[in-house]
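Chains Z and G, in that order, give the protein sequences. Heads up: the first sequence runs through residues 1 to 118, numbered per my numbering. Heads up: the second sequence runs through residues 1 to 114, numbered per my numbering.
It is possible that part of the hints are untrue.
[Said to hold, decoys possible] SDA-like, lysine to any residue: derived pairs with alpha carbons at most 20 Å apart:
(1) 78(Z) / 20(Z)
(2) 55(Z) / 99(G)
(3) 55(Z) / 65(Z)
(4) 24(G) / 43(Z)
(5) 55(Z) / 100(G)
(6) 55(Z) / 97(G)
(7) 55(Z) / 102(G)
Don't read these hints as lab results, they were simulated from the structure.
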Amino acid sequence: AQTVTQSQPEMSVQEAETVTLSCTYDTSESDYYLFWYKQPPSRQMILVIRQEAYKQQNATENRFSVNFQKAAKSFSLKISDSQLGDAAMYFCAYRRNAGGTSYGKLTFGQGTILTVHP
Amino acid sequence: DAGVIQSPRHEVTEMGQEVTLRCKPISGHDYLFWYRQTMMRGLELLIYFNNNVPIDDSGMPEDRFSAKMPNASFSTLKIQPSEPRDSAVYFCASSSPWASGELFFGEGSRLTVL
Numbered sequence: 001a002q003t004v005t006q007s008q009p010e011m012s013v014q015e016a017e018t019v020t021l022s023c024t025y026d027t028s029e030s031d032y033y034l035f036w037y038k039q040p041p042s043r044q045m046i047l048v049i050r051q052e053a054y055k056q057q058n059a060t061e062n063r064f065s066v067n068f069q070k071a072a073k074s075f076s077l078k079i080s081d082s083q084l085g086d087a088a089m090y091f092c093a094y095r096r097n098a099g100g101t102s103y104g105k106l107t108f109g110q111g112t113i114l115t116v117h118p
Numbered sequence: 001d002a003g004v005i006q007s008p009r010h011e012v013t014e015m016g017q018e019v020t021l022r023c024k025p026i027s028g029h030d031y032l033f034w035y036r037q038t039m040m041r042g043l044e045l046l047i048y049f050n051n052n053v054p055i056d057d058s059g060m061p062e063d064r065f066s067a068k069m070p071n072a073s074f075s076t077l078k079i080q081p082s083e084p085r086d087s088a089v090y091f092c093a094s095s096s097p098w099a100s101g102e103l104f105f106g107e108g109s110r111l112t113v114l
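So here's chain Z without its partners, still in its complex pose (with noise of 0.2 Å):
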C-alpha cells in the first residue's frame, strides 16, 4: 500500500522569506501523480501544485516550486518570498495512475502547519 510522510507537523517562515516543506512516500508503482494541497483556516482544500511521476522537471507555479527526487521517493514543496496569505496546512499527495483514465484514491500525508510571520 502506499504511504505518504511529511516529518514536520509546523514549520514557520518570516514574511518575504523562503520555506521548504518536505514529504516523502512510498510505492512500487512508476506511473502516478503527487500534489501539495493547502488548507487554510476556511478547510477549503486548494491544490498548490502538481507533479507527474514520468515527467523529469520539477514543477513550478509561480512562488511555489517542486523538488521531485523520484529515486529517493522524496518531494518537497518550496514557497518563496512567503506572504501572510500561505499561513495554511499543507498535504503532500499521491495518487496513482493505472492508466487510461484509472486514477485510484488519494492518499495524503499526516499535513504540515505554516504560520507566517509578518
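Chain Z is fixed; fit chain G onto it per the hints.
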C-alpha cells in the same frame, strides 16, 4: 462550473440520531470520493466511486456508515446511529479523466455529535 457542492455545511445532532450528508460532484466527473478529517487521524478515505459504482469501501469505519451514488450527479453518506466519535469534517471530492489526477474538493460538512 459551480464546483463540488456539499450540504449541510454544519450539522449538530445528538447521539443515536441518523445523519445524512449530501454531495453533488462537478458535472462530467466520473470519480467521487468521501474523506473524513479529524485532528487525531488526519484525512482518511472512507469510500470512492467510479461511474457510480463503489470501488473501495475499506475505509468505512463500521456498519453504521453507508454511502450511495444513485446517479452521476448525487451521492450521500449516511451514519446511523451516530456517535460522538463520528464528529469530524466530511469532505466530498470528484475528479475527471481530463484533470491530470487532480481531485476537486467541496467545502466540507462539519458534523458534531453530542
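Cross-check of the supplied hints:
Restraint check for residue 78(Z) and residue 20(Z): satisfied, since their Cα atoms lie roughly 4 Å apart, inside the 20 Å limit. Taken as a hint, the residue 55(Z) and residue 99(G) pair is honoured in the structure, with Cα atoms around 16 Å apart against an allowance of 20 Å. Taken as a hint, the residue 55(Z) and residue 65(Z) pair is honoured in the structure, with Cα atoms around 14 Å apart against an allowance of 20 Å. Of the pairs offered as hints, the one joining residue 24(G) and residue 43(Z) holds, with about 18 Å between alpha carbons and a cut-off of 20 Å not exceeded.
Distance restraint check for residue 55(Z) and residue 100(G): the Cα-Cα separation of roughly 13 Å lies within the 20 Å cut-off, and the hinted pair is therefore satisfied. As the CA atoms of residue 55(Z) and residue 97(G) are separated by approximately 19 Å, the hinted pair is consistent with the 20 Å bound. Between residue 55(Z) and residue 102(G), the direct Cα distance comes to roughly 16 Å. Compliance with the 20 Å bound is thereby established for this hinted pair.
The structure is consistent with each of the numbered hints, conforming to all of them.
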